[in-house]
Amino acid sequence: MMHGIINIIRRVYPSYKNKQIFLAFLFVSPWVVGFLIFGLYPIIMSVYYSLCRYDVLRIPQFIGFANYRDLFFDDPYFWKAIWNTLFYTAFRVPLSIIGSLLLAVLVNNAVRGIKIFRTIFFMPSIIAGVVLSVIWLWMLNPQYGLINSALLFFGVTGPLWLQSAEWSKPALILMSLWSIGGGRMIVFLAALQGIPQQLYEVVDIDGGSWWNKFWNVTVPMMSPVIFLWIVLEVMFSFQVFTEAYVMTQGGPLNSTLFYNLYLYYKAFDDFEMGYASAMAWILLVITLIVTLAQFKIGRKWVYYEGDQAGK
Amino acid sequence: MKRNKLYRNITVYAALAIVSLVLILPFLWIISTSLKGDEDIFTTPPQWIPTDLRWENYSTVFDRMPYIIYFRNSVFVTVMTIIGVVLSSSLVAYAFACLRWPGRNALFIFVLATMMLPMQVTMIPMFVLFKELGWLNTYKPLIVPAFFGGGAFNIFLLRQFFLTIPKELFEAARIDGCSEFRIYWNIVLPLAKPALATVAILTFMFSWNDFLGPLIYLSDQLKGTLALGLALFVGQHQTEWGMLMAASVLMMIPMVLIFFFFQRYFIKGFVMSGIKG
Chain P
1243 MMHGIINIIR
1253 RVYPSYKNKQ
1263 IFLAFLFVSP
1273 WVVGFLIFGL
1283 YPIIMSVYYS
1293 LCRYDVLRIP
1303 QFIGFANYRD
1313 LFFDDPYFWK
1323 AIWNTLFYTA
1333 FRVPLSIIGS
1343 LLLAVLVNNA
1353 VRGIKIFRTI
1363 FFMPSIIAGV
1373 VLSVIWLWML
1383 NPQYGLINSA
1393 LLFFGVTGPL
1403 WLQSAEWSKP
1413 ALILMSLWSI
1423 GGGRMIVFLA
1433 ALQGIPQQLY
1443 EVVDIDGGSW
1453 WNKFWNVTVP
1463 MMSPVIFLWI
1473 VLEVMFSFQV
1483 FTEAYVMTQG
1493 GPLNSTLFYN
1503 LYLYYKAFDD
1513 FEMGYASAMA
1523 WILLVITLIV
1533 TLAQFKIGRK
1543 WVYYEGDQAG
1553 K
Chain Y
83 MKRNKLYRNI
93 TVYAALAIVS
103 LVLILPFLWI
113 ISTSLKGDED
123 IFTTPPQWIP
133 TDLRWENYST
143 VFDRMPYIIY
153 FRNSVFVTVM
163 TIIGVVLSSS
173 LVAYAFACLR
183 WPGRNALFIF
193 VLATMMLPMQ
203 VTMIPMFVLF
213 KELGWLNTYK
223 PLIVPAFFGG
233 GAFNIFLLRQ
243 FFLTIPKELF
253 EAARIDGCSE
263 FRIYWNIVLP
273 LAKPALATVA
283 ILTFMFSWND
293 FLGPLIYLSD
303 QLKGTLALGL
313 ALFVGQHQTE
323 WGMLMAASVL
333 MMIPMVLIFF
343 FFQRYFIKGF
353 VMSGIKG
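From first to last, the protein sequence lines stand for chains P and Y.
Taking the working numbering, the leading residue of the first sequence gets 1243, the next gets one more, and so forth.
Taking the working numbering, the leading residue of the second sequence gets 83, the next gets one more, and so forth.
Just chain Y, same shape as in the assembly (with noise of 0.2 Å):
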């Protein structure tokens, strides 16, 4: 029985192993190739360390592209949307979850059922609601529909936490004679923290990767996030491995450092939404 317990432990370890090595390497090979000169990089078999490190790779980036610019205009589109996300999803996901009032489950199955609309269809009509509003190369179209409800999503996620916070409190605070949104400011949201910090890392990831948003309302160049400018840069430069893959770690750096900063948030996230439902 032990013996069996041991070569289970083993199997295990190198199943483990195997995943983990297939999954690893395509990071390993993209820092390896950022610090290579064609040299290098235009060998079989691949050759993992660099004869000399061409750290240069990264200065010529800055230099090809303005990379200060879109990472400033990218920040500040995620940490927009990211606030607009979370102020009104908590908003609505507090009347569905802490509020009663006639036909809220009504409404909240069509929230949810919104999900199901591919974007595809609002697309065209938004485009050209925007150009008449003369917001075409502006920030708004990507930033402010975040502030009126978040995505039915996020809404959803909230809701469901929301619901986990014990209703004696609510009614402690109302007979106190607190105001509805005192207790959702005071109340909910401080304890909703883990919750909120899931929708805002998931905003975060959507908003930082948007790719679609910015390619059809963002035409001047200076104006792109980094998504777009790393397209953009792809197109120029459709060989210089190295650089390219030199703007790729840039761009990932931000995402990898959240991951590892707030890991459990996203686990926790995906959690939430995936068994409940």
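This is chain P alone, in the form it adopts within the complex (with noise of 0.2 Å):
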């Protein structure tokens, strides 16, 4: 079987070093094969359930396009998930890209203790799942919790945040803000410090302010960073599941049912395997569409060093 392998590869590559080929595909073979077990197949699978209805315990029964007319024409929690989603990600993804933003010009400055103080603005990031949503839902706790109590010091009178329709989504896009200090940060640190002093200085001799500086400069040569992490945080922004199941099980009046909760419940709850193969479909689709778009408009405000041409 090697032997086979090594003469097909001979053949096709008479000029390489044979060797080396050979054992470069050994390297990657783990990859190669986990790609077609646990990529491709699924791939394949997936596109076929998405056209039956099939529960696991009998075989798919094949109905076409079905699951796709049902989800758009029949399914009002379909919509209200996809809605709740894009609510969620286009609070959160601005608001937690500006945060770490922010905290990165403020860690940058070469203070004395500064590395305590990345330290503890990093911390809240470590902790994430179900642990960090048990913890939520005891700080968003509308009578007791630390956020109200907070805001009562101000004189506010919080809201009931996830008992109410109205607040629960803020209220999780609030608990995601509590890591803004972060790998983002760090990244947007690192690409801080990379930034050529002289750059400044230009803009210092021009007699330019300190708002100068941070649009005509920073922005711009950060924005490739910037932009990488946009397209980063929609994409997680898409995915958000175990907050939304562990604290509020999509509750109130559906308002935290984000599309990979009503996905699962499809799934695994309701085993409308063939629905929710239709489901995550449409999701892939949406997830391209919605990264095309980012890197249609990022041409127009991304800025890379050296031209285009550069990497």
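Derived by calculation from the structure, the hints in this document are not laboratory data.
As the structure is a computational prediction, the values presented were derived from the model and not from experiment.
It is possible that part of the hints are untrue.
Claimed, not checked - Label-pair distances were calculated between CB atoms; the ranges are:
no.: 1; chain 1: Y; residue 1: Q320; chain 2: P; residue 2: Q1435; range: 58 to 64 Å
no.: 2; chain 1: P; residue 1: V1289; chain 2: Y; residue 2: W267; range: 19 to 25 Å
no.: 3; chain 1: Y; residue 1: Q320; chain 2: P; residue 2: I1437; range: 46 to 52 Å
Stated by the list, open to error - Here are the computed lysine-lysine pairs in the DSBU-like style, where the Cα-Cα straight-line distance is at most 35 Å:
no.: 4; chain 1: Y; residue 1: K87; chain 2: Y; residue 2: K350
no.: 5; chain 1: P; residue 1: K1322; chain 2: Y; residue 2: K213
no.: 6; chain 1: Y; residue 1: K350; chain 2: P; residue 2: K1455
no.: 7; chain 1: Y; residue 1: K275; chain 2: Y; residue 2: K222
no.: 8; chain 1: P; residue 1: K1455; chain 2: P; residue 2: K1357
no.: 9; chain 1: P; residue 1: K1538; chain 2: P; residue 2: K1455
no.: 10; chain 1: Y; residue 1: K275; chain 2: P; residue 2: K1357
no.: 11; chain 1: Y; residue 1: K275; chain 2: Y; residue 2: K249
no.: 12; chain 1: Y; residue 1: K84; chain 2: P; residue 2: K1542
no.: 13; chain 1: P; residue 1: K1322; chain 2: P; residue 2: K1455
no.: 14; chain 1: Y; residue 1: K87; chain 2: P; residue 2: K1455
no.: 15; chain 1: Y; residue 1: K213; chain 2: P; residue 2: K1357
no.: 16; chain 1: P; residue 1: K1322; chain 2: P; residue 2: K1538
no.: 17; chain 1: P; residue 1: K1542; chain 2: P; residue 2: K1322
no.: 18; chain 1: Y; residue 1: K213; chain 2: Y; residue 2: K87
no.: 19; chain 1: P; residue 1: K1538; chain 2: Y; residue 2: K350
no.: 20; chain 1: P; residue 1: K1261; chain 2: Y; residue 2: K275
no.: 21; chain 1: Y; residue 1: K222; chain 2: Y; residue 2: K305
no.: 22; chain 1: P; residue 1: K1357; chain 2: Y; residue 2: K84
no.: 23; chain 1: Y; residue 1: K222; chain 2: Y; residue 2: K350
no.: 24; chain 1: Y; residue 1: K275; chain 2: Y; residue 2: K305
no.: 25; chain 1: P; residue 1: K1357; chain 2: Y; residue 2: K350
no.: 26; chain 1: Y; residue 1: K305; chain 2: Y; residue 2: K249
no.: 27; chain 1: Y; residue 1: K84; chain 2: P; residue 2: K1261
no.: 28; chain 1: Y; residue 1: K249; chain 2: Y; residue 2: K350
no.: 29; chain 1: P; residue 1: K1455; chain 2: Y; residue 2: K275
As the list claims (entries may be wrong) - Going by beta-carbon spacing under 8 Å, a handful of chain P positions derived as facing chain Y:
no.: 30; residue: N1260
no.: 31; residue: I1263
no.: 32; residue: V1275
no.: 33; residue: F1277
no.: 34; residue: M1287
no.: 35; residue: A1370
no.: 36; residue: I1377
no.: 37; residue: L1388
no.: 38; residue: V1429
no.: 39; residue: Q1439
no.: 40; residue: V1532
From the three backbone atoms N, C-alpha and C, an ideal C-beta is built for every residue, glycine too.
Join the two chains into one complex using the hints; note that each chain is given alone, in its own frame.
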């Protein structure tokens, strides 16, 4: 078998060092095998399931595009889930990016003890998933939680947060902002430190203000990194699941029924695997469209040093 | 000018202090709640220092929840996942960074493109596949995939690091008749320890906190991981905040310890991934 593979490679690439190619093939084989089994095969099956009625117990029953039609025309929860997810994304992404950027500018000051502050800022971001959810369930308690106690300290009566359909999404967005000092801030900080000082000096010579420096030097020089993180954050926000599952189970009044939560309920509570597969494909298409659109818009505002051809 | 600098430093410190306070208060609040009885918990304004320290909250957690079993399960899944990810992603990254072969760059771009794929697309067929294999209620669905490639992001991270190793090292070893596997194992891996540590820690964070995976694949209660156990616990003890916060603190401790011991690797990982992309 091995011999056969070597022979095939020999025949296809007679002029290369056969041994190196064969070895390279061996080294990447874990990924290739993994991709075939845990990537390509599931993708193909997922397309097929999305065209079927399938409850795992009986064999899939082909029904054409019925799942997609039902989703688009007969399922108000589907649209609710899309709305909730878009709302969450529309606020979480800009707020978290701006928050991290401001913190990065702050910890870029070379004052004594700055490393300790960076560590403190980073700490919350290591808390994630279920623990984060449980902690914030208590933090957001309308009567005795820390958030509303703090608001009361300033004379404001806080909302019902997770118990109100109006405030449940803002509550989850607020929770996500606890980690603005994490990896994102570190990346922004590294990018800030990579900006050549001469650029700022030029602004100084021209008599520019702090704002001129920030808007005309910092932002353009950091735009590739900011852009990358906007793309990533949108993807993360589309995937939000654990918080809603643990904290609200989609309520109240389906106000936190996010796309992936609804998909999960369909697949693993109702065992409508075909329907859920169709949802997964719609999510993929939405993700692709949004990402492509971002790249298109990005071309207008992202500044790449040394021209586009640089990398 | 000097006065200006003084003012500036005062402003910076004030801002740093305020932000730190806001970010750190939740931790203190949770620890404080975990040591309180109900009479201290349900008060307005909040009582920061408990009137008497209720360490029982912690022992109650151990009584009501098989914490040790969950902990052991979590450690097992996490350690196995880390081993799989580190071994396989470094192998693959070696081929992309240190070997020359046709189609290398095209395949690398393809590997990166797979990061775009939402896991929901593969989740259902994988569940069906693992069900057919009889792997439900075992740790295999959580561990085995880690040994096959170890994730596009980790491959990317390690490739970036391997590229910084001087080419002369490989050439010298090859001329001495060193096999590629030995170059990988005896030269590249030892040199790449910081990058491997970063991958290991990011994998730890992901695996330790993973909820959806265990939720789908582990239905037997005693097989659960800590994340799963804690989620179940919340459902059962909804208003017993003292005990719930004690359980949360217990789950946070390993993460916080790892963070403090390996801080620089956390930061390195983000810097390595974020800039060169």
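Quiz item: Is the straight-line distance between the alpha-carbon of P/K1538 and that of P/K1455 35 Å or less?
Solution: OK: P/K1538 and P/K1455 at ~27 Å, within 35 Å.
Quiz item: Taking only the CA atoms, is the gap from P/K1261 to Y/K275 under or equal to 35 Å?
Solution: It holds: about 28 Å lies between the C-alpha atoms, which stays within 35 Å.
Quiz item: Minimum Cβ distance from P/V1429 to chain Y below 8 Å?
Solution: holds (3 Å)
Quiz item: Does Y/K222 pair with Y/K305 here, judged by a C-alpha cut-off of 35 Å?
Solution: Status holds; Cα separation ~12 Å.
Quiz prompt | Hint validity - P/M1287 Cβ closer than 8 Å to any chain Y Cβ | solution = Hint on P/M1287: holds, closest Cβ of chain Y at ~4 Å, below 8 Å.
Quiz prompt | Satisfaction of the P/F1277 interface hint, Cβ to chain Y closer than 8 Å | solution = holds (7 Å)
Practice problem: Given the hint that Y/K213 pairs with P/K1357, test it: the Cα-Cα distance must not exceed 35 Å. | Solution: Roughly 49 Å between the alpha carbons, so the hint for Y/K213 and P/K1357 is violated.
Practice problem: Have a go at the P/A1370 hint: is there a Cβ in chain Y nearer than 8 Å to its own Cβ? | Solution: This hint holds: P/A1370 lies near chain Y, its Cβ roughly 5 Å from the closest one there, short of 8 Å.
Self-check item: C-beta pair Y/Q320, P/I1437: status relative to the range 46 to 52 Å that was hinted
Solution: holds (50 Å)
Quiz item: Is Y/K87 close enough to P/K1455, meaning Cα to Cα at most 35 Å?
Solution: Roughly 18 Å between the alpha carbons, so the hint for Y/K87 and P/K1455 holds.
Quiz item: Would the hint on P/Q1439 stand, with a C-beta cut-off of 8 Å toward chain Y?
Solution: Cβ of P/Q1439 sits 17 Å from chain Y, so the hint is violated.
Practice problem: Could you grab the alpha-carbon distance between Y/K213 and Y/K87 and see if it respects the 35 Å cut-off? | Solution: Violated, because 66 Å separates the two Cα atoms, which is more than 35 Å.
When each numbered hint is compared with the structure, violations occur for hints 1, 2, 12, 13, 15, 18, 26, 27, 29, 30, 39 and 40.
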